[in-house]
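Visitor: Sequence:
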Amino acid sequence: MSFQDQLMLWNHAALKVVDVRRSILAPGEVLPPSKLAASTFLCTVRGRAQLWLDQTAYGTDLSPVCHAGKGTSFTVVEVSEPLEYYMILYKASLTMPCREELLRMQRASDPFQSTFGFAPHAPFTLLATVEKLYQQWLTNSALDKLHAKSLFHQFIYETLQQLSVHKETTTSQRLLEQAVQFMEENYAQKISLDLLANQLGCNARQLQRLFKAELQIGPMEYLLRLRLERAKDLLTRMQAPLIQIAEAVGYSDSYYFSRMFKKYSGLSPSQFREQAVCRYNPSGLSPSYIVSQKTPMYSVTDENAIHYQYQSAASSPGTREAHRLVQSKGGVTEATLRTISHRKGELDLAHTPEKIVVLDYQYIDQLYSLGHLPIGSVFGTSDTSILLPENLARQLGEIKRLGTKDEPDLAAIAEISPELIICTQIHEHVYDELAAIAPTVMLDRNEDWRVSLPVLGKMLGKEKEAQKVIDDYNQKIVSLKDALAAKMNGKTVSLIRPRDNMIRLHTTAHRTAKILYRDLGMAAPSMAIDSKRTSSFIGLDAMTELNADHLFVLKDDSNEELTREYQKSAIWKGLRVVKANQVSTFNTTMWIGYYGPIAINRVVDQIAEALL
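Numbered per the UniProt record's numbering, the sequence shown spans residues 1 to 612.
No lab work stands behind these hints: they were computed from the structure.
Where hints are given, some of them may not hold.
Said to hold, decoys possible - Pair ranges (Cβ atoms, derived):
1. S80 with D432: 45 to 55 Å
2. D448 with E101: 51 to 61 Å
3. P32 with N446: 22 to 32 Å
4. D471 with P241: 49 to 59 Å
5. E185 with H429: 38 to 48 Å
6. P97 with Q50: 38 to 48 Å
7. A570 with G59: 30 to 40 Å
8. S531 with H429: 23 to 33 Å
9. K532 with S569: 23 to 33 Å
10. D541 with R99: 37 to 47 Å
11. T139 with A570: 20 to 30 Å
Think of the CB as a built atom: it goes at the ideal place given N, C-alpha and C, for glycine as much as any other residue.
Produce the complete structure using the sequences and hints provided.
Guide: Structure (structure tokens):
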């Protein structure tokens, strides 16, 4: 039965709440098997265990919301963490009279008797509704019972709405995987977009949108890159004629194949093969990279003196091509190269770049900690200069502003002629343009600064300095961690940021929140514990459930008004943490934007001031 058919049955059903229960199981405890007395929703609040519904097991971490029909065998085992969950028992029947079609649909597949589990994308919305439903159910007032009934309808809507998103995501992911698999198995055959769509039972436009959304390229572009990667492998391993290589990867015209290969690789197939032979033949002559002072520092010269514009890395995700940032005078030997691995492959540096552009302001901090100031950068939304060390705050004005993090100003970047650009994965959509301006390194934006700093240190030839900065920080937090443990005695701390008319709760997986929970060993409220998502959005009314002992609020120009509104509300004023005067407010950009040793050391100092 399709999801739309299920919705038709839900829309024509009379729903009655039978019971609402809340249960807690301790680690090691087992709930013996029993038959469900009615159709039931199971909603996990916290904990880790396995829920068995008949012969199917659901892990509470992967499927916190489950459903089963009346008579289903239900048991809970393998409780490794305290498990808290709700059970909503209900009865559903189609309102009469109804169309015979609906009765046939229910007989064929009854959604009220179905068994399933899934992970909602907004669990706190569901849990907030369930909590209200439970509280109303406990009262004896007829009006409250009516309220409980309406809340159950709201819960059904929210569950089905999130389930539809879950199904669409799962279906799209499966379709993408099938498309990729088909192309990998048949890349040597003639494949058109329409043929691919027909094979997968979808339309061409749907497939195009899916690839663009997930991979940022279309399916035919993916096929092209796949074929050229296979061609590189064949050129490296085999001495077959070029026409045979072309045919082996799906091209009947070897001339067209050569043109496409050179466009995306920067080299003709013959040149690529020659270089491959040199790489695997140490006795062969090494290429000489000798250029004049006016030659761009990222040029690689072929027989036509065409400058290689970083094409293969920009065109082939994961390709490990070595691009060279060469000296302006003299030759370069392999021994002088420093190889920088990044998300797009590798970049070989023959000397230290001076004119560096950064497209995430965390790298201003990280580079400056190594004694280097970038010539240009994007900037945050709020002024943090008064919070930064005086020398760095003063020099921020010397850095050319290059737009925003999300939309860098490409023209301004090209105008200042950088020798190196440092970006992150959020710049995937402009990576080709950036790589055409200068050699571009793409780093992981959410990487721990103690991982990215050594990479920058390697770029600057300052590996030892980078390690010393890290060692100094680690030594600092060791003593502070002990002092906090003695003072806090297990009390919880939560990091939030009012945003988009909601509250963004930073979880234990968030890079800045890790300072609190991992580096300094402080306890997190159960709602903030998440190993995968770095944050989640909750409503103001969920702050009571968060129930942190200490609250850190991030504020900047963009959310100052919303923060003020929340702080004036009765819910906020009634929070235990607010009444205890344990709320501290900090600058968002300082805590999240300038993510490097200078800012993070300031953050650690602010934590100490707030809690000790």
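Visitor: Are the hints correct? Go through all of them and say.
Guide: These are the hints, each one checked on the structure:
| no. | hint | in the structure |
| --- | --- | --- |
| 1 | S80 with D432: 45 to 55 Å | holds (47 Å) |
| 2 | D448 with E101: 51 to 61 Å | holds (57 Å) |
| 3 | P32 with N446: 22 to 32 Å | violated (44 Å) |
| 4 | D471 with P241: 49 to 59 Å | holds (57 Å) |
| 5 | E185 with H429: 38 to 48 Å | violated (29 Å) |
| 6 | P97 with Q50: 38 to 48 Å | holds (43 Å) |
| 7 | A570 with G59: 30 to 40 Å | holds (39 Å) |
| 8 | S531 with H429: 23 to 33 Å | holds (29 Å) |
| 9 | K532 with S569: 23 to 33 Å | holds (31 Å) |
| 10 | D541 with R99: 37 to 47 Å | holds (40 Å) |
| 11 | T139 with A570: 20 to 30 Å | holds (22 Å) |
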